[in-house]
Amino acid sequence: MNMYHKTISLHYLPTRRFIVIGLLLAYSCWGILSAQTVVRQDSLYQADTLFIEKDLENVEVNAFHKPIQSKAGIPIQSVDAEELTTRGIQNVADAVKQFSGTTVRDYGGIGGMKTVSVHSLGAHHTAVAYDGIAISNIQAGQIDIGHFSLDNISVLSLAVGQEENLMQSARLLASGAVLNLQTATPRVSQTSPYTLSSKLKIGSFGEINPAFHYGQWLSQKTTLSADVDWMRADGQYPFTIQNYKTLEHHKRQNSDVEQAHIELNLRSELTPTSELEIKSYYYRSERGLPGSVILYTDDNNERLWDEMFFTQAKYNWQLADKWKGQLAAKYSRSYSKYHDEDVTYADGEVTDINRQQEYYIQGTFAYQPTDYLAISWANDGVINHLNNNLPNGVKPTRYTWLSALTAKLDWKQLVFNGSLLSTYTTTHVSTGEKPADRSKIIPTFSVRYTPIQDYPWNLRMMAKRSYRIPSFNDLYYERIGNKDLNPEIADEYSLGSSWTLTRVPFFDYIRLHVDGFYNEIDDKLVAMPSTYVWKMVNYGQVRVKGVDLSSEAVIPLGNHYSLFLSGNYTYQEALDMTDNQSKSYKNQLPYTPKNTGTVSSLIHTPWADLNYTLISVGKRYSSKQNLSQYRMDAYKEHTLTCTKEWSWGRFPIKTSLSCLNFTDKQYQVISYYPMPGRTWKVTIKIDL
Amino acid sequence: MMKLKSLLINMMLLIAVGFSIASCSSDDNNDLFNDKDSTVELPTHRAYILNEGALGKNDANISLYAPQDGTSIPTLYKKQNGQNLGDVAQDIIYANKSIFVVLNGSKKLIKMNTALVEEAAVTIEGSPRYMTYLDGKIYLTVWGKGIQKYDAKTLTLEETLDTNYATPEDIVVIDDMLYICNSTPYSSTSSENTVTVVDPATFQITKTIEIWANPQRMLEMDGDLYIASSGNYGYIAGEEYIPYQVQRVHISDGSYTIDNLGEYSNMVANEDDDLLYLANSVTDWSTYATTTTFSKYDPETNTVSDSSFLTDAPEVLNTTSLYNMTVNQSNGDIYICTSDFVTNGEIYRFDYTGKYLNEFDAMGINPSHILFIDK
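Chains A and B, in that order, give the protein sequences. Numbering-wise (the working numbering), the first sequence opens with residue 1 and increments by one. Numbering-wise (the working numbering), the second sequence opens with residue 1 and increments by one.
Quick caveat, the hints were computed from the structure, so don't treat them as lab data. Since no wrong hints were added, every one of them can be taken at face value.
Which stretches of chain A does chain B cover? Using the computed rule of at least three CB atoms under 8 angstroms from a CB of chain B, they are:
| no. | region |
| --- | --- |
| 1 | 236-247 |
| 2 | 290-303 |
| 3 | 336-348 |
| 4 | 478-492 |
| 5 | 524-530 |
| 6 | 573-586 |
| 7 | 618-628 |
Computed from a predicted model, the values in this text were never measured in an experiment. Here a beta-carbon is modelled for each residue, glycine too, at the ideal position from N, C-alpha and C.
Model the full assembly from the supplied sequences, consistent with the hints where possible.
Encoded structure:
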């Protein structure tokens, strides 16, 4: 029952859902109805794959489809549920850290905030989508990926730049990178109308994490599923801090977290050419915020409560041979309460409450007039509202309309993809002056060239403009907010190539990717100090250049053994070019290592799977000025995971044991936010 | 007794922020220095730069600049003691051959000798702010607590006086009385605008003076009190916008009358010339341009002159927010610090006539005080 045995041939496709997903992702180019039946078998990516590869039979297939797709116009990296387990990946951030080109800001521990920046664009340029629909936090502008559970995720993928996906929403098109969390659908079973699986994870530092998944077939074409998970941890891990010549030993305090997540999904194939998905999601958590370690004192009382609810519906259909449509709607609301007790507050304590609401509608229509040309038009309307208990809160309501026209031309060995995105934003405030309306037109263009027909080698280039609309905090937060801010524009350029080698001695295959990138930001939103007040301003200038290298290979070792190797390396130089008089001019951005790399090797045996992962991060600086006193040393984190499947009667059981950071390396991602040392996790999953 | 006291006062004089009474008496360096256990050789003319550091980064430091030859020793405290100073340095004073530093983030009061070798340290409950020295005691303002009296030798907490203000800020001594200004607490719904007067003999409040909104820093010159207040930044709901203001409170004549000197963000006393140097930095948020203007106030005539006290300031000072201005009272040299809060500060040095001498790196983030131990 191991995926690494299901390699190479297409036979497994119809039964192995995740391979299909990978395939569809991999070859989500165009082509059309002949593949329609394949698409139907898995609704997951149906919306994202209007134009499926014409001839799937010619496509080279193997189980390791996902990490990066050779035929995609841009690199899409992904990891599926099975890999998440076999590689001992515990949360979304851990998975993203293993993708190339990413920098995760991890404030440490299970409850610590985790945001992801791609190619040094900043976390605000990374959109996070849940089943293809954007999640927003218009107040902070960036998403804490630590909030999401991996328990019901089937594929986690990261697309940098613009996907060749005509059904993409305008909102996701506007961002520099898209991290998508795709949830699982219940499996088809001939014998039972329902599936039930339960999972229990127990880990170091008081972590307990039970999860349940229930799936019910309501009819031949309709499934209902429910996921419930709960997690708590006291998070009091030991750590060391170097206080110049003294090594201090401490335990992280006020680092507890408790969170629960409930999700309901209804998926129905209404007709052979249309499909409806409805999802409701609820999450709540309470956590301590340990803050940065302050020398000589340990006194932090900050706590945070979060709640998020959303419900979304997505409807896809196909009309005749040439038309395809997608309609989606979403309502979401979130609540966060921050509480701190400290003598610096007027009443000795402060409680900040923020409530956000969002109404979102989305529609994309695609038309393919000829074999080689397809166009699509996506429209997104969003209403965001923020209400808080601050005395000067202006209760902003923002109306955003995004419209994107995309064309794709598939001509011989060339694929062109271009889009024009227009955005319009208007904001109303309950008191004070209303900020000016903002509108922008954003172009994107990509080309993919296959030099030798039907040979898995391609060259690609992309030029994309993405924008970050100022968050409500940027605009209105007490004192620092500046309502005159413009959106921050980031220009991304990349040039790359993918190559798959299949006739190499001792290897099943070797796949290589190389992508050079160059990014420019000229109006980066930064906080600018003045005598007593800081304000957000469009001021920063950043230039990023770098290269992503990635490779993977499978080595068969006899009948029941195989070795899967993969490695990523990113070099990036992200320089502050704002002010040539500044002491940080041409210095590397803080918390941005020039060198990062990951290596993963998985040995499959008939008894168990054994995986080793190494994450290596080069030196970084915690300050804009790259002085030695702010240098943070390079570190390597090693993780070992052993996974075994067996059965108890007729019930399949999967167990895994992970030892994360087994060398007990003491390191920090963010200065004075120590990361956990050696951590154990045991997981047992049973399908009933 | 009187002699000892005046000696102590003379030493306090040398502290940057500028306390009163002129004239240095002794050429004997042993009256100034106690460099016991120093691991490095130190000059006899010293400017100790207190760099606040960035919040949460434990990178506060004290670095040494030798005005005589322009040499410097970065992070001297760390080198002398083998450990970091801590998080967010708030205040530094010199008294009786000792240097006292208070750390707001690390909540610590440290006593060290003049070579920065630590002699005693104590953890503070609450949020410590500013301090002053009088008659063998350290008086420390502590948010959430009030005024605390520590024995200057042992750093033993002797007494706490709750002045009923949440955020007592700067503290100065005038004529053996303590003057404490009360700033506006974070998340307050109205501005605070008082100075509390405490008699150290009884450790009781004797008077409350109403002044401008949100006082931050104070100094004493010629027996009068000068206060720099920040106003309300326009951020307190229900209050009109209140700008910065520098005020003079007439203490020496017993009238407690108040003069508004105008809208200034920084002030420092030149005690030898009996002048108050003023600066105002204003940032235009539509162009992001900052303009800094320099003025001086003559207490004798009670007039502000808009001509700068600097004769040839580098242009960058006219377009940068100032972080701190300090006068070395022993020779009149003027030090002006700038900071962008993320990179090391820069310090511009002028002689007593306002002539530009040189500039140097502050060796840390947010240079907020310069303490001169200089004969």
